[in-house]
Each structure stands twice: as C-alpha cells, then as structure tokens.
Amino acid sequence: MFQVDNNTLSAWGRIKDSDIYYSFIKSPTAIISSIILFIIFFCSFFVELVTPYNPFDPSSLSLMDAFTPPSWTEEGLAKFILGTDGQGRDMLSTILYGSRISLIVGFSAIIFSLILGVGLGLTAGYFGGKYEMIVMRLTDVQLTVPSILMALLVDGIARGLITREMHDEMAIYVLIFAIGISEWPQFARVSRAATLVEKNKDYVSASTIIGVSNIVIMFKHILPNILRPVLVIGTIGLALAIIAESTLSFLGVGVPPTTPSLGTLIRLGNDFLFSGEWWITFFPAIFLVILAFSINLLGDWMRDTLNPKLNK
Amino acid sequence: MSFLKINNLSVDYQMRKETVYAAKNVNIEVNKGEILGLVGESGSGKSTVGNAIINLIDEPGKVSSGSVILGDINIHEDPKNIIKYRGKKIGLIFQDPQTSLNPILTIGEQLIETIQTHLDLSNEEAKNRSINLLKEVGIKDAESRFDNYPHQFSGGMRQRVVISLALCCEPELLIADEPTTALDVSIQSQILDLIKRLTKERNLAAILITHDMGVIAETADRVAVMKSGKLVEIGVTKEILTNPKESYTKSLVSSVPPTNKKISRFVIIEKENKNNKENNLKILNRWTKKEIVKQDLVQVKNLSKSFDDNFFTESSKNSIMAVNDVSFYIKQGETFGLVGESGSGKSTIAKMIVNLFKPSSGDIFFDNICITKIKKNLEMMKFRKQIQMIFQDPYSSLNGRLKVKDIVSEPIKLHNPSISRKDLDNYVFDLLESVELIQNSVDRYPHEFSGGQRQRISIARALATQPRLLVCDEPTSALDVSIQAQILNLLKDLQEQLNLTILFISHDLPVVRQMCDRIGVLKDGKLCEVSNTEKLFLEPQHNYTKELLHLMPKIESIYN
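For the protein sequence lines, the chains are A and B, in the order given.
Per this note's numbering, residue 8 is the first one in the first sequence, and the count goes up by one each step.
Per this note's numbering, residue 50 is the first one in the second sequence, and the count goes up by one each step.
The hints are simulated quantities; they were obtained by calculation from the structure and are not laboratory data.
Every residue, glycine too, gets a C-beta built ideally from N, C-alpha and C.
There could be a bad hint or two in this list.
[Stated by the list, open to error] Short derived list, chain B residues pointing at chain A, Cβ under 7 Å:
# : residue
1 : Val112
2 : Leu405
3 : Ile423
4 : Leu427
5 : Phe440
6 : Pro460
Same shape as in the complex, but just chain A:
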C-alpha cells in the first residue's frame, strides 16, 4: 500500500535521489557555470588567503612596478600574472578584492529587494482589494523609471543629505539601497501572481477553516510554495544587480576609488585604454562578463528545471 521508503536514505542520499540533482549532472552548462562561480566566490571571499599582494597596503606597493603588462607579453613579469595598474598594484589581486565588493553589494541589494518585493507582492496577492491595487500600481510606476536613473536619483539625494566625508563610508549602503529599490517590482509581480494561484488552493481554505491567522497562512503556508519562481528570478536578478553596481561605479556614483569594485576598476582603467595599457580595463571587464554570464546560465538552468511546464 505504501511507496518506496525514502526515509531510509541519508540526507545526501536524498539529494542524490532527487530530480534536481539528476538534471544537474545531466547539464554540462550547469556544472561548468557552478564550478566557475564556486571558484570566483571562494577566491573573492577568501581573497586574503588566495592572493600574495594586498593592493590596498601602500607599503607593499612600488611605483616601479606600475604599468607592467601581463606576464605572457615581452615586458611582463612572472610575479604579476595579469600585469599591474598605474600605481603598481597587481591586477589579479585588485580584481578579486573588487569582485568581493561587487558580490557583497549584489547579494545585499538582491536580498533587500527580495524582502521588499516578496513582502509587498505576497500581502497584495493575499489581501487583494484596494491595498493590492495601490501596491501593483506602485510597481507599474516604478517600472517606468529606468533602474539606473532610479539609482542615480537615490545617490543624488543621499549626497545631498549626508556630508562629503560620511559619503565615502556610506557609499556602499547607498548603493545597496539604490539597486535594491530599483529591482523590487519584478519580485512583487511574480510573488503576487504566484500567491493568487496558491491562495485559491484548498489547503489555504483548510487552514482558514481551522482558524489559522492570516499572517501564519501567508508565511508558513503560502510563502514556501511561491519561493521557487521567486528564487529563479532572484538568481537572474543577482547578475543584474552586479551589473548595475558596476555601471553605477563606472559612472562614478558607486563605491569610491579607495575601495574599488569591478566597475570602479573598469572606469580607472578606461583612462589608460588609449595609451596602450589595455589590460587595466580589459581584465576587470572580462571578469565581470564571466561572472554575470555564469550566474545567468545557472539561473536559466534553474528556471528550466524548476518549471514543471517545461519539464517533460
């Protein structure tokens, strides 16, 4: 009368048994992109252990090393694999330090907009009525403002509100808020749509009849059931957030040059592009492309796997 006993399997056994694991090992793109992401994440977050240089320690820098080209060119030095920038900083180390900032900003911004978007979307879908109308029209208005413009606006207001010295310190938080506030509408829309589907299912009615309160129904019953689609667009949103951070930093309204992110590095290197020192801007840029591309590929794979309609 009962089906195969899954309880006898260990946690790892369960994962190995699941369809997601199966589809993962069948997909080369998913495997390659997650290996790349793992390397990038690991090197970025444990950057002190991985790199021999600290590009932000002035005592270790030597202007003599400035503008060293990558190691495989004629003038290159073996100790600077990707060459150095105008101040003699090792490019590879600088990129990894920069990618840490980019990733922190990207993750924080996406978590911020996830909480805001899912919170608003879930409640709007669940309660409906005038509240829903107001929230959804707000997202419509928000979507008409380009996210970069929104972020510039937030940054502009922040500059007006806080002093110049404070600004460099606060820059990273302003950036997180600016990106987060410009990305929440899509999460609100997706989670509202999913909530509308879920709240008409009988298990929600059953909970209401039992007497469970609205808050518990929303967060204990509906939220876990709408997380799939939200996490899928969240992954793709992460790539967008990292690109948005780089764009803003490139435009000079992001993190200050003292703690450069990928975007800041590209901007700084951009000045040397026409004088022949191409590597200073090229490597951060290509690193950013690989990072965003891998996240997108992983997100695409997740969308295909977790979507029951595409899954045959």
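Following the hints, put chain B in place on chain A, whose structure we already have.
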C-alpha cells in the same frame, strides 16, 4: 474475423530508474457495430491502449511490442500508415470538450480543415458535408451555428461538435476516451445515446474508455477490465458485471455504489481484512462527550449569495446569484446530502457554512447561534473548531511543503497551545490510526501518498479539532471506485463512533443514496426538493429530481 485486432501490445516508459510498463501483452478484438468498454482505475493503462492504437504515446513512452491490425493491415508497420489512418479511418473523442477544440477557429473551419486533409473535396462540398454531420449529431440550426466559435457552445454541444469532427471522414473505428467524464449527468446520457446510435447506424467499431461502471453497463456490448497495464478479463458486459470470474473484477463491481438500494457498508475484497471493527477509536478518549439531543444542529434560513464580477462599481446588474433563497436544517448526528449539477451552488453553500464566504443575505444558525453575524475573531474561533471541511481535490488540499505530522498537528496546537510535545505526538498517532494510516506516515510529505491516502490525511486534520459538523465537498469524486468505497466506509464508521453530523455534497446520486439520511436537490442556486433519501429515490416530487434519477447511469440496468 474481427475488425480491430490488438495482439500482444506492450507500451513501456523508459524512466530514469526503471522501465514502467503502461500496458503489457494486451490482446483485444473489436467487431464492427459493437462498443467495447475499456474499464479500469486510474493508472490501469486504459488510455494508454487507446493512444497506442493510433501511436500517440508521449515521450519517453513507446510501443515496445505487439501489433494493431485494422481490417487486414498492420497499421504500426509503416509510420506513414498511421498518419493516413488518424482522423480518417480512426476517429477520436477526448475527455475535455473545452480543450479539444481550437478556440480561435470557428467549428466550420475546423470541420472543413479536417475533411480536406483526408478527402479530396471542394470547399462547397466539404461545407455541405459538415452541415449534414452537425445535424446528424443533433446540433439544431446547423447552418447558422456553422460559423460559431467553440466558446459559443455549451459543454455538451461542444462534445457533439467533437464527435462530428471524429466522424467527418467516415471512420470505421471510433475511440472515445472518457467522453462524458467532464459533463453533467443529464448531458452525459445524451452523449452516450448519440455514440450508441452512431455505432449502430454507421456500423462502427467503437472503444469506450471510462472508469464509470454505470456508463459501461448502459453502453458497452462487451467489456475489457484492465489493472496495472494488464488485461484482467474480457467478455460480454452482462456476464462480466453479474458474474465476474477474477477477484479484481469482483472487488471493482462490489465497490460501485448501487443505485437501487441502500447498503450499510461497501464490501471490500482485500488481501488482509483489518480487525479494527471491535476496538474503539483511541481518539474517543479525548473526545469531549456531547449529549445526543435530537435537535437541529444547523439551520440555514433564506440564504443567498451573489458574486459581483465588476471590480470598480458595486452595481448589482452584473451579479450572478450563485445561491438563491435556500433554507434547510441538519439534525444532530445525521448525514444531510446536497445534490446538484455543476454550477448549482452546492459548494458555495458549503463555503458559507464553514465561513469562507459571507452570505449576501440570510442567516446560518449553528447550535441555535447565528454564526453569520459574528464579527469578533475570538468568538468565531469557537465555531471554527466545531465545523470542519473535507475538500474534493486531495492534491491541493494539503500543503506540499509540510510533513504529515505538521499538517495534522497544526489545528491541535492552535486550539490547545499548552499541549505537551509527547501528548501532541500521541494525539497525531491516534488521529492517523483512526483514519487507518500507519504511524510512520508522520515524517513523510504529502506527495509520497496516493489520492486516497491524502484524503485520509485530510480527514485526520479535520478531526483534530474535534468537530461536531463535518462538511464534505465531493470528498470522493477525484478517487477511483474502490478507493471511494473505502473512504465512504471510513466516513460512516467515524460518524457512528464520534457521533458526527455530516453535510455531504456530491453530484453523484448513487453515492449520496448510500451516505445520506436526507437529501436536498439544488438547481441553479435554488433548492428544488428536500426529502428523506428513500422517499426521494422512490417517489421524487420535483420534475428536476425525476429527470436526474431517470438519467443517472445505472449499473443495475444490466439485469433487465
């Protein structure tokens, strides 16, 4: 020499971990002019056989062996054959008339397209042919309806159009896969009559795939019973239904609710017979005894509900009266049935009684207290506890992200927050035992259970608050007959031991007859007739009731 011969047909699905046989060594023959009923429970492979004939098996399934011989040609031999035969020599009717027609083409365009694919006819000839066909399947004003879109037809009319599409190229074999399952009883009988008439008139060989033994009894000449991909028994319908040889067929026939008499329990032929009849349910110890007073537990007075489909203005112009001035009462300890076709408002009434909807007007009294007027949440909780509901769809009524333990314990913790962990676990075990589920179910997720088992979990959850009234909204219509019989038996046992009052909602008259003491018949939101079950079935007063009783498919019709 029979017209269609299926020899040793096997269909298998190559899955990740194993090969699943959807059909294994099936041998079936169908003669011209006869209807073969293919019957079985869900997953028995009956639709697979139907699809395999025309080679419409979805990936990754494939026909792994066997042959299908139509006339004297093996139609699986050459893949080109099958394209010629589909739609031309073999006509198909699917279950859901809502989705088997293309909504953006008129029915005329769809008919002409099909005809011209197979026959070399001009537009004019094809049109004449289509109109004649539409007339033949009983569509009035065929000339003017020719240019209508599918949404302009009702469900039954649409199924007629589907039938005319299946017939438009003079097929010799007709495959109907659950052709009436999505339709109401009154339309079901018309469609079945139509299929019967066409089979005789056109001398077709027909295969009728269904799960409904009543439909088989009234329509099929011969019947083939399938179970887990294998053919159990095949023979003349009367012989199979009255004198089945295989034990599976016997149990299938005995779980069909009889329409002509009331039985106390369904006979369930199973390997092990549970001996839980003697020992009382453990949950009884926790049940606070309510003295049995023969008074009304529920009184519904002039209840109405309208749905406004206009968002911005609250005008009553567009409103639909789902329930219109309905009054009835339910006595303590009895089972009250509400019967009606789809759209008759029976579920809406249920949802108002459990307080999911507020009525537009009218009152509901529970234990002589008007529960529709309660505003305070705290006061409502007292009644929430006493009124519980069991839903139709066992797949959506349980939260798939929670373990069974959490599903069943949620209402207990809510109404008794101080319960100790150990006591809670015991209570959950007792509840699961009372619905005949084994104890190690607690750590599983709902998707690991079958439909019938999920419905048992639903019942356990509903019993957790110790309700006095159980509202069952079509609790078995998503289940197979044998499972239905088990669930109905369970509900009867629970009612007896726990002294429950049940409001039983169903479209299925035989089931209602087995379950209910009194029955109300609903039509278009109005209550036609309320009467004792036996009286209602023997001497129906209202015309609509008479019609319903006349039209329901009766498995007993085979005896006459």
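If any of the earlier hints don't hold here, list their numbers in rising order.
1, 3 and 4
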